[in-house]
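Undergrad: Build the full structure now, drawing on both the sequences and the hints.
Line by line, the protein sequences are chains G and A. Heads up, the first sequence is in the numbering used here, so the first residue is 145 and it goes up one at a time. Heads up, the second sequence is in the numbering used here, so the first residue is 251 and it goes up one at a time.
For the record, the hints were derived by calculation from the structure and aren't laboratory data. Incorrect hints may appear among the rest.
[Unchecked claim] Okay, derived cross-link-like pairs now, DSSO-like style, lysine-lysine, Cα gap no bigger than 27 Å in a straight line:
#	chain 1	residue 1	chain 2	residue 2
1	G	K198	A	K441
2	G	K414	A	K306
3	G	K399	A	K306
4	G	K411	A	K439
5	G	K151	A	K436
6	A	K441	G	K414
7	A	K439	G	K414
8	A	K443	G	K411
9	G	K156	A	K306
10	A	K306	G	K392
11	A	K306	G	K586
12	G	K198	A	K443
13	A	K439	G	K151
These figures come from a predicted structure and were not determined experimentally.
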Amino acid sequence: MGGRMGKTLAEKVWQDHVVRSATGEPDLIYIDLHLIHEVTSPQAFDGLRLSGRKVRRPELTLATEDHNVPTLDIDKPIADPVSRLQVETLRKNCAEFGVRIHSLGDIEQGIVHVVGPQLGITQPGMTIVCGDSHTSTHGAFGALAFGIGTSEVEHVLATQTLPLSKPKMMAVNVEGELKPGVTSKDIILAVIAQISTGGGQGYIIEYRGSAIRKLSMEARMTICNMSIEAGARAGLIAPDEITFEYIKGRAHAPKGADWEVALEYWKGLKSDADAKFDKEIFLNADELSPFVTWGTNPGQGVPLNESVPKPESFKDEQERKAAESALTYMDLTGGTQMKSIKIDTVFLGSCTNGRIEDLRSAAAIMKGNRVAGGTRMLVVPGSARVRLQAESEGLDKVFLEAGAEWRSAGCSMCLGMNPDQLKPGERSASTSNRNFEGRQGKGGRTHLVSPLVAAATAIKGTLASPADL
Amino acid sequence: MEKFISHTGAGVPLRRSNVDTDQIIPAVYLKRVTRSGFEDGLFAAWRNDPEFVLNKEQYKGGTILVAGVDFGTGSSREHAVWALQNYGFKVVISSRFADIFRGNSLKGGLLTVIFPQEDVELLWSAIESDPSTQITVDLDSRTVAYQEKKISFDLDDYTRWRLMEGLDDIGLTLRHTDLVDGFEEKRSKYKPKTLPVLS
Numbered sequence: 145m146g147g148r149m150g151k152t153l154a155e156k157v158w159q160d161h162v163v164r165s166a167t168g169e170p171d172l173i174y175i176d177l178h179l180i181h182e183v184t185s186p187q188a189f190d191g192l193r194l195s196g197r198k199v200r201r202p203e204l205t206l207a208t209e210d211h212n213v214p215t216l217d218i219d220k221p222i223a224d225p226v227s228r229l230q231v232e233t234l235r236k237n238c239a240e241f242g243v244r245i246h247s248l249g250d251i252e253q254g255i256v257h258v259v260g261p262q263l264g265i266t267q268p269g270m271t272i273v274c275g276d277s278h279t280s281t282h283g284a285f286g287a288l289a290f291g292i293g294t295s296e297v298e299h300v301l302a303t304q305t306l307p308l309s310k311p312k313m314m315a316v317n318v319e320g321e322l323k324p325g326v327t328s329k330d331i332i333l334a335v336i337a338q339i340s341t342g343g344g345q346g347y348i349i350e351y352r353g354s355a356i357r358k359l360s361m362e363a364r365m366t367i368c369n370m371s372i373e374a375g376a377r378a379g380l381i382a383p384d385e386i387t388f389e390y391i392k393g394r395a396h397a398p399k400g401a402d403w404e405v406a407l408e409y410w411k412g413l414k415s416d417a418d419a420k421f422d423k424e425i426f427l428n429a430d431e432l433s434p435f436v437t438w439g440t441n442p443g444q445g446v447p448l449n450e451s452v453p454k455p456e457s458f459k460d461e462q463e464r465k466a467a468e469s470a471l472t473y474m475d476l477t478g479g480t481q482m483k484s485i486k487i488d489t490v491f492l493g494s495c496t497n498g499r500i501e502d503l504r505s506a507a508a509i510m511k512g513n514r515v516a517g518g519t520r521m522l523v524v525p526g527s528a529r530v531r532l533q534a535e536s537e538g539l540d541k542v543f544l545e546a547g548a549e550w551r552s553a554g555c556s557m558c559l560g561m562n563p564d565q566l567k568p569g570e571r572s573a574s575t576s577n578r579n580f581e582g583r584q585g586k587g588g589r590t591h592l593v594s595p596l597v598a599a600a601t602a603i604k605g606t607l608a609s610p611a612d613l
Numbered sequence: 251m252e253k254f255i256s257h258t259g260a261g262v263p264l265r266r267s268n269v270d271t272d273q274i275i276p277a278v279y280l281k282r283v284t285r286s287g288f289e290d291g292l293f294a295a296w297r298n299d300p301e302f303v304l305n306k307e308q309y310k311g312g313t314i315l316v317a318g319v320d321f322g323t324g325s326s327r328e329h330a331v332w333a334l335q336n337y338g339f340k341v342v343i344s345s346r347f348a349d350i351f352r353g354n355s356l357k358g359g360l361l362t363v364i365f366p367q368e369d370v371e372l373l374w375s376a377i378e379s380d381p382s383t384q385i386t387v388d389l390d391s392r393t394v395a396y397q398e399k400k401i402s403f404d405l406d407d408y409t410r411w412r413l414m415e416g417l418d419d420i421g422l423t424l425r426h427t428d429l430v431d432g433f434e435e436k437r438s439k440y441k442p443k444t445l446p447v448l449s
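TA: This is how it looks when you write it as structure tokens:
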């Protein structure tokens, strides 16, 4: 080995959080922020109680209610008794262990990955974990953020650390300029289609290149959010002026002299020019167009202008079989034009695309138009604050006048743990992140799309981009 | 956690790739606040199908699930591991597991074994031609043995040791509390805190 090797951004953040390192053992990594929600935490708190342990750092822990909560009648008790018990269990646990919680009805309540950035509590160079695989969202700030299981939730609650083996490093380079109507959602769907749902397995992805640098923070969050759909536990983007501008002035952003100290550190958070990536992927932003999934995993996607692929077009036997079973489930035939597919329900929301910019861009398309007959559209803001912001801009009226439903904040139809579900056989165009069988309701069929495609599809009643209107 | 040294049992061939955690256990089953009772949600969407492998008489009682590539993709729900364990599985074999699922399984004592795809195919064929085939998964030697075959698999020494001793990660980390204390003393003070609540 020659001289000192350059480091990647992720390696720098990793190195700055190593509490203990020993040969043949995972590194013990310090966790700066632990986000929790009602679904993956009850058994972890139970574990603490059983062993007489406390939450080591309640002031680095934050809970919100999101997965289970209804998006209608939020001032009434939760109707589903099992959901209600789970939410009440979270409230009890937070009270007992001194953890801050934003409950239904609170202005800061919302999807955990929307709430962190909006409070300014997600910052560059941090380690952030949550019992939710879309924790990778926070990587948009140059944080090392990833989903964990309930055993790990308990571990972080008890010790504020996690034993982890360092993943390999992958660079996804996106150069060029996106055409109008093409969004960061289309970039990430194209990346996943290129490398498949297992392509990022064992890696941390760093998204780089001129097309990424031009994106807003919210657009960057959409990309990092779906790193897990490419198989990578974490995805991140080097912080820059756009990042600093977004954080500045938020409730938990550093203030005064602290801001200067933080900024100095944040500015050094980028991969060295000689940093080595174990794998590199290249994408040309100029060539991208709106992307949509046709199958039952997020890697089964094509440009919206194309057709459902024929299973025999896949050389790999596993992929061919997967395509056959996906087409059966989706009730689609190879060769069908994507734009001819009729949609029953459009879902605009989720931690992928439930932020204010997403609602603004969809509303701009919806304005003065109507949701097609036979199609319904559900608009679910990512947080109570996003909802209020949208209402102050009159976006709620745009959606309502178009015939869409305007709801309260939560995960909602992304995973259908609350009453917002597809019926068997129903087909959705969804701005969420997973098109798995039954994900949005038993027997439901999901096509993943960007907010722009969602809006155009609602108006046309078939999969469409704004250019088709 | 129960020690895992060696396990012998029958296999269940799940010839599907990309079995995500929503298939292993759908979200509607995640509302329980306990760690047990998740077996009824295991592969719930497929359990109504009499042709589904878990419904076939010859595979009842199998404890080793042999699955297609990319098993456990998607959500971080550890309920997927609990559902498999509650049902009675001790081992899952596949040619590739999603990272979070694999981490969860090895924390919770469900051994996930990575095989080359051709060995998965051979094992599927062996089980299908004789469902009573006994498969021995031995962590000490890091091998899987059935009929006349013996296949080695990789697992890092640390995880193997932890599983064989049945050790709980939290207890191991708490041995280093002094190092965590030391790390915290040096943390930058601008790093955000969730308390007190600021607006």
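Undergrad: Would you check the hint for G:K198 and A:K441, treating anything up to 27 Å between C-alpha atoms as holding?
TA: holds (22 Å)
Undergrad: What's the verdict on G:K411 and A:K439, does the C-alpha distance respect the 27 Å limit or exceed it?
TA: holds (18 Å)
Undergrad: Hinted pair, alpha-carbon criterion (27 Å max): A:K306, G:K586. Please report holds or violated.
TA: holds (23 Å)
Undergrad: Quickly compare the C-alpha distance for A:K306 and G:K392 to 27 Å and report which way the hint goes.
TA: At roughly 60 Å apart (the allowed maximum being 27 Å), G:K392 and A:K306 break the hint.
Undergrad: Please work out if G:K399 and A:K306 have their alpha carbons no farther apart than 27 Å.
TA: Not OK: G:K399 and A:K306 at ~64 Å, beyond 27 Å, violated.
Undergrad: Next pair to validate is A:K439 with G:K151; report whether the Cα-Cα distance is within 27 Å.
TA: holds (25 Å)
Undergrad: Verify the proposed pairing of A:K439 with G:K414, using a straight-line Cα cut of 27 Å.
TA: holds (22 Å)
Undergrad: Just to be careful, I want the Cα atoms of G:K414 and A:K306 compared with a cutoff of 27 Å; is the pair within it?
TA: violated (54 Å)
Undergrad: Does G:K414 lie within 27 Å of A:K441 when you go C-alpha to C-alpha?
TA: holds (19 Å)
Undergrad: Sort out whether A:K306 lies within 27 Å of G:K156, counting only the CA atoms.
TA: Given that 27 Å is the threshold and the Cα spacing comes to 52 Å, the pair is violated.
Undergrad: CA of A:K443 to CA of G:K411, is that 27 Å or under?
TA: holds (21 Å)
Undergrad: When you check the alpha-carbon spacing of G:K198 and A:K443, does it fall within 27 Å?
TA: holds (18 Å)
Hints 2, 3, 9, 10 from the list above are not met by this structure, while the remaining hints are.
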